[in-house]
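Using the hints provided, position chains B, C, D and E with the ligands relative to the given structure of chain A.
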Amino acid sequence: MSPATQTHHDTAEPAPRPLLQVEHIRKRFGAVQALQDVSLEVYPGEVVALVGDNGAGKSTTIKMISGVETPDEGRILVEGREVHLTSPAVAEQLGIQTVYQDLALCDNLDIVSNLFLGRELHRTLIPGVIKSIRKAEMEERAIPILKELGINLPPLSTQVASLSGGQRQTVAVARAVLWGSKLVLLDEPTAALGVTQTKAVLDLILRLAEKGVGVLVISHNMSDVFQVADRIVVLRLGKTVANLTAKETRLDEVVAAITGSAEEVLTGK
Amino acid sequence: MSPATQTHHDTAEPAPRPLLQVEHIRKRFGAVQALQDVSLEVYPGEVVALVGDNGAGKSTTIKMISGVETPDEGRILVEGREVHLTSPAVAEQLGIQTVYQDLALCDNLDIVSNLFLGRELHRTLIPGVIKSIRKAEMEERAIPILKELGINLPPLSTQVASLSGGQRQTVAVARAVLWGSKLVLLDEPTAALGVTQTKAVLDLILRLAEKGVGVLVISHNMSDVFQVADRIVVLRLGKTVANLTAKETRLDEVVAAITGSAEEVLTGK
Amino acid sequence: MSMQLREGKQQQQGGLAGVWRDRIAAGELGLLPVMLALVVIWIIFQSVNSHFLSGRNMSNLILQIAEIGMLGIGETFILLLGEIDLSIAAVSGVAAAVLVLMSGAHVNPWLCILAAVVVGAVIGVFQGFWVTIIGVPAFIVTLAGSLGYQGILLAFLGNTGTVPIFNQTLLNIAASYVPGWLGWALVVVAVAGYAAGLIGIQQGRRKRNLSAMSARSMTWRLVLLGVVSVVVVGALNSYRGVPVAGLILLVFVVLFAYITQATVFGRHIYAVGGNKEAARRAGINIRSIRVIVFTLSGVMGAIGGIIGASRLGSASPASGGGDLLLDSIAAAVIGGTSLFGGRGSVWNALAGALVIGSVENGMDLLSAPSSTKYIVEGGILLIAVTIDTMTRNRRKVVGR
Amino acid sequence: MSMQLREGKQQQQGGLAGVWRDRIAAGELGLLPVMLALVVIWIIFQSVNSHFLSGRNMSNLILQIAEIGMLGIGETFILLLGEIDLSIAAVSGVAAAVLVLMSGAHVNPWLCILAAVVVGAVIGVFQGFWVTIIGVPAFIVTLAGSLGYQGILLAFLGNTGTVPIFNQTLLNIAASYVPGWLGWALVVVAVAGYAAGLIGIQQGRRKRNLSAMSARSMTWRLVLLGVVSVVVVGALNSYRGVPVAGLILLVFVVLFAYITQATVFGRHIYAVGGNKEAARRAGINIRSIRVIVFTLSGVMGAIGGIIGASRLGSASPASGGGDLLLDSIAAAVIGGTSLFGGRGSVWNALAGALVIGSVENGMDLLSAPSSTKYIVEGGILLIAVTIDTMTRNRRKVVGR
Amino acid sequence: GSSGGGNGTSNGSGGSGSKGGKMIALLLPDTTSSARYETQDKPDFEKEVKALDPSITVDYENAQGSDSTQQQQAEAAITNGAQVLVIDPVDSQSAATIVNEANQAGVKVISYDRMIENAKVDYYVSFDNEEVGKLQGEYIAQHTPKGGTVVMIDGAQTDNNALQFAQGAHAVLDPLFKSGQLRKGYESYTPNWDPSNGQREMEAALTKLNNKVNAVLAANDGLAGAVIQALAAQGLAGKVPVTGQDATDAGLHDIMQGTQSMTVYKAVPKEAKLAAELAVDIVDNKPIPSSLVNTKVNNGAEDVPAALLQPVVVTKQNIQSTVIKDGFTTMQKIEHPSS
Ligand SMILES: Nc1ncnc2c1ncn2[C@@H]1O[C@H](COP(=O)(O)OP(=O)(O)OP(=O)(O)O)[C@@H](O)[C@H]1O
Ligand SMILES: Nc1ncnc2c1ncn2[C@@H]1O[C@H](COP(=O)(O)OP(=O)(O)OP(=O)(O)O)[C@@H](O)[C@H]1O
Ligand SMILES: O[C@@H]1[C@@H](O)[C@H](O)OC[C@H]1O
Ligand SMILES: [Mg+2]
Ligand SMILES: [Mg+2]
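Protein sequences, first through last, are from chains A, B, C, D and E. For the working numbering, count along the first sequence from 1 and bump the result up by 146. For the working numbering, count along the second sequence from 1 and bump the result up by 146. For the working numbering, count along the third sequence from 1 and bump the result up by 72. For the working numbering, count along the fourth sequence from 1 and bump the result up by 72. For the working numbering, count along the fifth sequence from 1 and bump the result up by 168.
Next up, chain A with everything else stripped away, as it sits in the complex (with noise of 0.2 Å):
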């Protein structure tokens, strides 16, 4: 019934396995029906960008995911494979990494410990009990992710709690993408960002995609959404509405199908 098999992967080659199949997802929170029917699909080296009006499902659907939060109905396939995301750590063991929109950072914690938070780099004292950190490594390594995205920082040893919100932000990136093997979900990465921070979030992504990494973005900014996205998917009121090949999109037709101006169109095409 969804356009969602009308994807560019739809050749004459050998059709890869998707990475992630979404299928008929829907979530309820006491009053608020979150979630109607939501499916989509990424494929390994795809950048999917999910796109849709304030409250209209993007960040409930990439939790459920990322196993923040899990559906009342609808099934969710990893490699083929249907899996229970029941904890977040459940996706990070299948290799999905994610920066939520609200960034979900430990404020008491340094911009080095956040990055490497729950994958400290250690050393086993005691197999099974006493991991010291290697502090140094890990500020090593951080150095050069954290130039990449081209961006003023203050100390490595500064709480994040008094980062700027761009800060925070590319923090939050950094993360994702220093762990992220399969498939990476980003709920708006670049909605705090300079221009030129932007910039460099964008190129990572696609370099990310030609390393065969999946990728699910959501953004409000179209321009931003066409620079990087293979495919566009619509979330209206819950439910997705269009699932569109990029270079065949145009802008219009895409604000119309997130206003729901022009369902029918979109449908019948």
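I should point out that these hints are in silico values taken from the structure, not numbers from a laboratory. For clarity, every value in this text was computed on a predicted model and none was experimentally measured. A few of these clues could be false.
[Claimed, not checked] Cut-off 27 Å, straight-line C-alpha distance, at most; resulting in silico cross-link-like pairs (DSS-like, lysine-lysine):
{"id": "1", "chain 1": "D", "residue 1": "K279", "chain 2": "A", "residue 2": "K277"}
{"id": "2", "chain 1": "B", "residue 1": "K345", "chain 2": "A", "residue 2": "K385"}
{"id": "3", "chain 1": "D", "residue 1": "K348", "chain 2": "A", "residue 2": "K328"}
{"id": "4", "chain 1": "D", "residue 1": "K279", "chain 2": "A", "residue 2": "K328"}
{"id": "5", "chain 1": "A", "residue 1": "K293", "chain 2": "B", "residue 2": "K385"}
{"id": "6", "chain 1": "C", "residue 1": "K279", "chain 2": "B", "residue 2": "K328"}
{"id": "7", "chain 1": "D", "residue 1": "K279", "chain 2": "C", "residue 2": "K348"}
{"id": "8", "chain 1": "A", "residue 1": "K345", "chain 2": "B", "residue 2": "K393"}
{"id": "9", "chain 1": "A", "residue 1": "K385", "chain 2": "B", "residue 2": "K293"}
[Claimed, not checked] In silico negatives: residues of chain A with every beta carbon more than 10 Å from chain D:
{"id": "10", "residue": "G220"}
{"id": "11", "residue": "N254"}
{"id": "12", "residue": "R265"}
{"id": "13", "residue": "K281"}
{"id": "14", "residue": "D376"}
{"id": "15", "residue": "T391"}
{"id": "16", "residue": "E394"}
{"id": "17", "residue": "E399"}
[Stated by the list, open to error] To give a feel for the contact side, a few chain B residues facing chain A, derived at Cβ under 10 Å:
{"id": "18", "residue": "G176"}
{"id": "19", "residue": "T232"}
{"id": "20", "residue": "T304"}
{"id": "21", "residue": "E334"}
{"id": "22", "residue": "L339"}
{"id": "23", "residue": "S369"}
Every residue gets a Cβ at the ideal spot worked out from N, C-alpha and C, and that includes glycine.
Quick look at chains B, C, D and E with the ligands alone, frame taken from chain A:
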């Protein structure tokens, strides 16, 4: 030394008194000199955009004007008189309203309560002691304002903790619009907003200015900036490095000032 | 585009059942889980000892929780702010000492009460000042305070030991009962008042085209209130009537519930507890809010102390000691008030005090050995709050 | 464009004085303010009673704080998580009871110790499970637990009353001293070990081109450690040497300071305490972290109980009662550990225990009347933390 | 259920079935200041009642040191239908409220061990608290060398009894302090009767007096144990007389070891037996034999008919003829207090 006087008010007609003057403020946080030398002015009915790279000190500047932080050095004048903004309450009383980058909402309260926080409509039962809240009136007044911002919202009695990013931002903007009588400070007010909602907020900014309110808006989105701003103030590494009239400036000039790649050109201008 | 305030539509959609389903899903159950736990506790005790639900024992229970209830209210205010008050029990002891000493010097009993309350208020102001202006954590200020007030209490009573109250007015606070007919009249007033308020508010909302409670829902609430109050007053009248101290507690609960839920000051308490910085940025004078709340806590401590002294007929160097402090904090927390601020209500404190009081009262009726009592009390407490936690399980996901 | 990691540059700019100025401005003073308060307290007591700083009294002081110190460490772990443990004192009582009863049955002393620790651990696991998996607030679980364990203690000792320890090994825990020469040897080892560690780390950082501590700064730290430990050991050796129980406490502090500051597990505790949801989203198993921390707290409670029993030479139904609970929480909080999670250190607990212990010890030396004792204790506590708060005043703006 | 009393069990479960049955409530103050309440008073009292009239149930409550808890427990007992309250008050003054409630409900009250002041109490069965302090003081007076230094570790200032013990001791010792025959080197009340506080106080005393301590008046055996521990650390245990109270197994053990010198033995079994006889006679409506009630004590409200027992000083010498002979404890228990 700074080109701060070079505004479009610098014409033949008698210059109105600036609403806000920020003069050479400095601020240090521990080892970080966040602001080195910031000066700017906002006239009644004028929209001033404050732009700069991430970490340039934009939010810190706004916090000085809204009374959240106090400068180490320098002066702030409102309507020509030096003011000591020792707390946000002081700024509010001067008619200054602010949308903060981190939104600063009370997650445990509902939408209406957040909109009216600190300014609840009430009926005085015992003078100075018991003021009973007029809940229904507050709700009634909130509806049209939220409608104007064109956003989907769950029931108004929903805790803001469960709102989407854009919904939260809308609540914060609506709050400032409701109460800002003289000067409205907006720190990236459209960062989380969709296309339609962004347009609604930009329209609102223009309407505020028409009413004679001064608006100081921070944004990384240059097209937004050029749509609404009369003047553009550029910060770099905690210093005001340019003060440009929007109509007479090209995009690349602003970007150059932000990144510092053409400092000489601009100051020489 | 279209702004869809989904409210009206959604609430009608599911009808009453739908509303309840949504509420349960969202964990918005208010007092229900605690009340459920309380009913379970009562059924268990009644089945083991048939005196438990007798009018006489209910009357005792109410008097037994009067002091904890008062302290629990004060502590609730503090917890709503995200602070803690470890001195409230010690304050009650000092207030009790002031009361009995002044009364012993034949001061007019009302003056004695006033003096005790003023002492509580002064202590509260002092603590509020130290927490707010100097910025020392409330935990430390009130812990240090608690030590200090214990010292003061000893300085007052250390050499005389226990001082009895002879004044009948003071003794009557905890020893008199409302006559039967007046009890019934109060039921009528309460139900009628609630009905009037409810209908007034909902009509106002309808007039403004806002979502309003359905007539059925309103009827249900009124019937519930009516049935509960008839049963309680009936039971109490079968003994000596409604205890005045219990009525005072109820008045305080209603009054403060109103203040927290429906006044500007109350709203600001929640705001400060939810996000201090956001409240400050909204221009709220968070300092004065905090000083006032600490003062209120001191006053409630003093009022609790007065009721406690009246009930015990005396004050001693041990007044305000023992488990009183932890019991009062627990009363607030059991009811569902968060230790992290911004969530809870004064009604919770009453419910929590009832849980604690019922457990202690029930165990006393069974006259079990001390070791068993402790273990069972701990167990019931744990189970009661576990029921509460499980029924509002989804809350965790939504909140914090 | 250019990423400017301002670190290196800035730190060299101001030199040592500049670093200190920045630190004071940022409120990053660590233990200094508490230590300052402690020194003030010591000077005051010494000037009132010349025995206060005698080697003998210092030795007593160390033994007196050993139990509170152990409990304070356990509580610090819990507070770092943003939870609270109200049962730690009761656990120490139960562990003490297990110890004396088994020892009375002539069980090998090491087995007795092991059994007591295991009991603490089991209790900790149980509580951690209930808090984490069922989701009942720690305040309630540990309060209920505390009641339950008091009951168990009574069941154990209610019929016998005080049970003395006869086993010399157990008594020796709190009654033996390190010989003088060994004390000095320990100073050498400590300073040398610290020097080696410091130099190793800083060289590693230099090699990697990261900002590193200046040689001058390192020398200062070493000299400070050297002087303090020489003075302390010298004083203690003038009496009987370093008390073994004090040494055990110190070893625990150093060990746990290492664990919290330098291991993955420790980092995760801070993360969970700072932002539970962020930690969860980072893939940290917050459940196991919490269960482990509660277990640790139970174990520390038990160890404290063992030391307490050894010192008293017995256990009784009163073990773990009195002010022990509030004192242990206060030890952690006075040192600067936040009740809201994510901020603090194990060293704080030691400093806090020293403050509390010094005040109590000093007041005992003065043999003031109880009322004075309470008032002065409260006053000193308040002033000590006020000093701490004021010196790190700017912290408030930066944090939370 | 209301199946009526008479099942004769003396444990708690009797409470529910005793409506209309015969019941006595035994209300004791705490479990921590002394072990006696759980180890002696309760079992002895219950045993005696059972022997005298098996149809009577005993409703036992312990207030854990809180006077308001005790009030709650008294109310529970009255609700349960007790005809007699045997109360060892947590607080001698505040318990008057309980007596008033009992009077209103027609329930008789025996003030047990501690007097309830200013209330219409029916009987008083006890030892004399001041007498206890006097015995301790006299022992110190007799066993301290002239000019010797005395340390006094008193009980909790929040416990009325502790004040009375201290008063008794001071009545004996103050004249000696005044005349210079003895010197008071240190005195402190001990918060909560907590031995670890007592240990700290004794250490402070030793430090302050540079170990020149010739006698220690410790208010009870729990504190005596802590004092001995502090003395032992200075090698002084057994060299300095230490008093005590309650004749606990641990205290008697220390007396046998020679580290504690005396304890004041309050023959609890006798006290409990007396109280039980009185209570049973009241419940069974029997006349009270005048041999039981030997005196009257004024409690501020009236002269209360009283049965007063003499506290006895127990030392190593008379241990056999007192506590052992009375069956208060056994040599086996003294040697192995944990069994
Ligand atoms: N935890 C929650 N509890 C209740 N309602 C929620 C919760 N999370 C999301 N919602 C509701 O679900 C809807 C979708 O929210 P979501 O955050 O997914 O939107 P979004 O598409 O990310 O919007 P934005 O562009 O503004 O970030 C919103 O109406 C929101 O209010
Ligand atoms: N409370 C604070 N403590 C320490 N450093 C701070 C604090 N607030 C801001 N800073 C530092 O001051 C500098 C300026 O921060 P500010 O938030 O003003 O930047 P900004 O221009 O708003 O950036 P962005 O576009 O990313 O929001 C940053 O380097 C930041 O790390
Ligand atoms: O027997 C003593 C008791 O009377 C007192 O109240 O508490 C301490 C005990 O030793
Ligand atoms: Mg979103
Ligand atoms: Mg900013």
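Quiz prompt | No chain D beta carbon within 10 Å of A:G220's | solution = Since the minimum Cβ distance to chain D is about 21 Å, A:G220 lies beyond 10 Å and the statement holds.
Practice problem: Could you grab the alpha-carbon distance between D:K348 and A:K328 and see if it respects the 27 Å cut-off? | Solution: holds (25 Å)
Quiz prompt | Hinted pair A:K293 and B:K385, Cα distance within 27 Å | solution = OK: A:K293 and B:K385 at ~22 Å, within 27 Å.
Quiz prompt | Assertion that A:E394 lies farther than 10 Å from chain D (Cβ) | solution = Answer for A:E394: holds, closest chain D Cβ roughly 36 Å.
Practice problem: Verify that the Cβ of A:E399 lies farther than 10 Å from every Cβ atom of chain D, and report whether the claim holds or is violated. | Solution: holds (34 Å)
Quiz item: Should the hint that B:G176 touches chain A count as held when the rule is a Cβ pair under 10 Å?
Solution: holds (8 Å)
Quiz prompt | Proposed proximity, A:K385 with B:K345 (alpha carbon, max 27 Å) | solution = The given pair, whose Cα atoms are some 24 Å apart, holds under the 27 Å limit.
Practice problem: Measure nothing beyond the straight line between the CA atoms of A:K345 and B:K393; if it is 27 Å or shorter, mark the hint as holding. | Solution: holds (26 Å)
Exercise. Could you check that no beta carbon of chain D comes within 10 Å of the beta carbon of A:D376?
Key: The claim holds: A:D376 sits with its nearest Cβ about 27 Å from chain D, beyond 10 Å.
Quiz prompt | chain A contact restraint for B:T304 - C-beta distance below 10 Å | solution = Holds: closest Cβ of chain A sits about 8 Å from B:T304, inside 10 Å.
Quiz prompt | Claimed clearance of chain D by A:N254, with the beta carbon kept past 10 Å | solution = violated (4 Å)
Quiz item: Regarding the pair A:K385 and B:K293, is the alpha-carbon distance no greater than 27 Å?
Solution: holds (22 Å)
Violation of the numbered hints given earlier is confined to hints 4, 6, 7, 11, 12, 13, 19; the remaining hints are satisfied by the structure.
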